[in-house]
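*Asks:* With chain G held as given, fit chains V and B onto it using these hints.
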Amino acid sequence: MQKKLKDIAKFINGELVGNGEALINGINGINEAGKGELAFILSSKYEDLIGSTKASGVVVPRDIKKSFNKPLIMVDNPSIAFSKIINIILPDRIPHPKGIHPSVIVAKNADLGNNIALGPYVIIEKGASIGDNTILYPFCYVGKNTKIGKNCVIYPNVTIREEVLIGDRVIIHSGTVVGSDGFGYDTQNSTHVKIPQLGVVVIEDDVELGACVTIDRARFSKTVIGKGTKIDNLVQIAHNVTLGPNCLIAAQSGISGSTKVGRNVVLGGQVGIADHLKIGDFVVAGAKTGISKSFPAKTVLFWYPAKPVDKARDIIASIGLLPKLFERVRALEDKIKELDK
Amino acid sequence: MQKKLKDIAKFINGELVGNGEALINGINGINEAGKGELAFILSSKYEDLIGSTKASGVVVPRDIKKSFNKPLIMVDNPSIAFSKIINIILPDRIPHPKGIHPSVIVAKNADLGNNIALGPYVIIEKGASIGDNTILYPFCYVGKNTKIGKNCVIYPNVTIREEVLIGDRVIIHSGTVVGSDGFGYDTQNSTHVKIPQLGVVVIEDDVELGACVTIDRARFSKTVIGKGTKIDNLVQIAHNVTLGPNCLIAAQSGISGSTKVGRNVVLGGQVGIADHLKIGDFVVAGAKTGISKSFPAKTVLFWYPAKPVDKARDIIASIGLLPKLFERVRALEDKIKELDK
Amino acid sequence: MQKKLKDIAKFINGELVGNGEALINGINGINEAGKGELAFILSSKYEDLIGSTKASGVVVPRDIKKSFNKPLIMVDNPSIAFSKIINIILPDRIPHPKGIHPSVIVAKNADLGNNIALGPYVIIEKGASIGDNTILYPFCYVGKNTKIGKNCVIYPNVTIREEVLIGDRVIIHSGTVVGSDGFGYDTQNSTHVKIPQLGVVVIEDDVELGACVTIDRARFSKTVIGKGTKIDNLVQIAHNVTLGPNCLIAAQSGISGSTKVGRNVVLGGQVGIADHLKIGDFVVAGAKTGISKSFPAKTVLFWYPAKPVDKARDIIASIGLLPKLFERVRALEDKIKELDK
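Protein sequences appear in the order of chains G, V and B.
The C-terminal position of the first sequence is numbered 341 in this note's numbering, with every residue numbered one higher than the one before it.
The C-terminal position of the second sequence is numbered 341 in this note's numbering, with every residue numbered one higher than the one before it.
The C-terminal position of the third sequence is numbered 341 in this note's numbering, with every residue numbered one higher than the one before it.
Quick caveat, the hints were computed from the structure, so don't treat them as lab data.
Just to be clear, a hint being listed does not mean it is correct.
Identical chains blur together in the list; that is why a pair holds if it fits in one copy or across any two.
Claimed, not checked - Pairs of lysine-lysine, DSSO-like flavour, derived with a Cα cap of 27 Å:
| hint | residue 1 | residue 2 |
| --- | --- | --- |
| 1 | Lys194 | Lys260 |
| 2 | Lys3 | Lys144 |
| 3 | Lys335 | Lys144 |
| 4 | Lys293 | Lys260 |
| 5 | Lys35 | Lys144 |
| 6 | Lys311 | Lys293 |
| 7 | Lys278 | Lys293 |
In isolation and in its complexed conformation, chain G is listed as follows (with noise of 0.2 Å):
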């Protein structure tokens, strides 16, 4: 929806420095931006990028040091007025499924809330429930006795096992898989014979899952992603972990059973972490480090098997220089050598 640049400045509270009458149709990052197109720089230590960009207006945070010849929207907070804006410009970006199809199936006793839209073929089962605007896309399957909180957006091809529970504002990607069997055997004679997995999952407010996750219900009590923790991609959450609040899992990262993770604990990416283990609030993990013990808040760690990064770091320089060293002890032999004669 067209909007003047005024307007927008008027409708998210900010501050306009420059001529607002310029018509926005679209928004755009500030390299690829056109006319017609507002951007955003989150921070002002980007604000160089205003200089270059053909956007018709960028909003911007209020510590901007240097003026421009180019209209600007001063907010407190740019990321929150950009989904705001995106909301009034490109209300239909998102065709999110409207209503109840006719070709859902949903059980008797089901408890489906308010204003909630189900897209073709859902399957809700007996029990479970559904909060107020929360909406579910093609070919969700959502198991016995399973909660899902309000205003979520479940994408197409989703399975949520029984007796999950699943809280507000949850957004969960395509192919995810929550509720599915720990993996958990007892090796009698060389057979494994299977542990039935009798727990369930918690999905707090405001998590974020990425496509194709998997989160294993708990052998007993409960698999737990703390509220406001974001998972990306193709990432492994095992049986009877509890993920504390805030936590960002970049993609491919694994983490084994029953490990307890801390608040706003950060893994790069094809990170894993092994089993039992406790990892402190505010730990930060470069990508492929593999975690085998527990390690205390705020540490950052990175290499297989991971150490402090400084450790880590010191150790790759060395590693770097082996092959020298090599021929430097070689050389200090044949010195001794010759000395002892």
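*Replies:* Okay, now just chains V and B, sitting in the frame of chain G:
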């Protein structure tokens, strides 16, 4: 369903020690259980947990050493007892589909066994067969001529392509794909020409496949998952791989094309095995191990590139001391210079 | 369909050597083939296998050096001949859906090409288009305004979100997700605010995507998979990545946000590439390589953190000798002490 402890003891041929009148209506972990719940320990090495549990009874192995002020049921095999008790205390725990839903699409010449369950929107292509008592959840696809044995459970959103052979008592979790094309191309002048993948996949009896597992069909001949092998979530099995019986493959591991893996091999999480290798029986590889050559039976492997674990441990310990080694060599060099003078 | 060897030779413009009367009714690997089956060797370096095969005939390149007591068909390019012969000998090998199943849900203004096939329960949202001869298997979801080209095959349970552009002759295997949101948040006071992902995904002609692959949409602008690039199972492509043409990306590899990968790049399995890097044309990275900085064209990489392969090999060899190096340094220290006295 509620049962008295003494009736449960009788049902599983266990020996009741203590008062058998307590009513049991649930099952839980020994640390989590409360009044009315039954707990289990699988080995006497956990017997100290009996002292602190709030469970109304505990199922234990017969070699318990101490006595406890808590009703116990002694059995030969607590894990088998556990599975049996679940079926009487929590008979509807897993709400498997029942019967054949009217929305399923089954080819006329498909062969459906007795007492099978096909959830909504299941598709069975022509020439396929489903064995007695097998359950398919919604959105499962069974390709042309694929045979699925008896007593299998296939969870929602599983794709089983054409010409796949699946044994009895196989469990497949959601999002898994069996029989996708192997990754094979013939490169001609820097472009890649697809090599048709004409083979099949054979999944033997008692296999369990986790969520979002991918098992590619062979180029010719077959990809094989041996009897009783258990595969965790997000594992990749490439074309023409053979996995022997009773392997355990943890999450996010991958096995490259044409590699032959023996029986009872155990791979930790995120292990990779290169193509065309032979991995002997009872090999164990720690998490994140990268295996680039063949290893004989019973080797325990770790690290990248994989080494026998004793060697890997020596190397990893040495690496940790590398920065100090550089100092020691520098000190030696200084000393030699001095002596040389 | 059964054909005489001599008729197959004529069909593919090959030169028959030996008796052409054998009836061929199948195709198999040279080691597995039996009577009535045709086998192939793609290069004369495998010609010794011709001596031992039980196939009724072998398709070979023209530069075969020895003569064999076996009917051969000599061709310029056995892999192209292979694909052609499959189409006549095994015309119904892959049982693609045919026609438009009555259960599909197609938006009124969607644009369907000629001779397309939509299997049961396919969903095509408004503004989407499907090119001539393209086949969609059951449970595929095609989002709003997404364009799919001609002669594509999309296997079951694939999710293609809104505004995605897919070229001609693209193959997408089951469980794959194209156009999920990029993993982008703005962290404010330790909580993560979602940054809307407004961009698209472009999949160029002749791309093949394996099973359970995830390709995220760009934040702005586009994520691009270049013409002829082939991606194996369980691979992650993050937002704003550009992959050049004719790359080969093996299973479980991941490429982080905004990284630009050149043409004909080859990644082994479980490779990771960090964000915002440039990887030159024809770069090759061995399995499990962790790439944390940019590398120029034609570099061959290995290890974690990635190094040029010659350097990596030197280092890995040195590491293997480290425990002995410690002994050598200790011996030197002892010797020096002795000399010092």
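*Asks:* Against the structure shown, which of the earlier numbered hints fail to hold, in ascending order?
*Replies:* Result: hint 3 breaks, nothing else.
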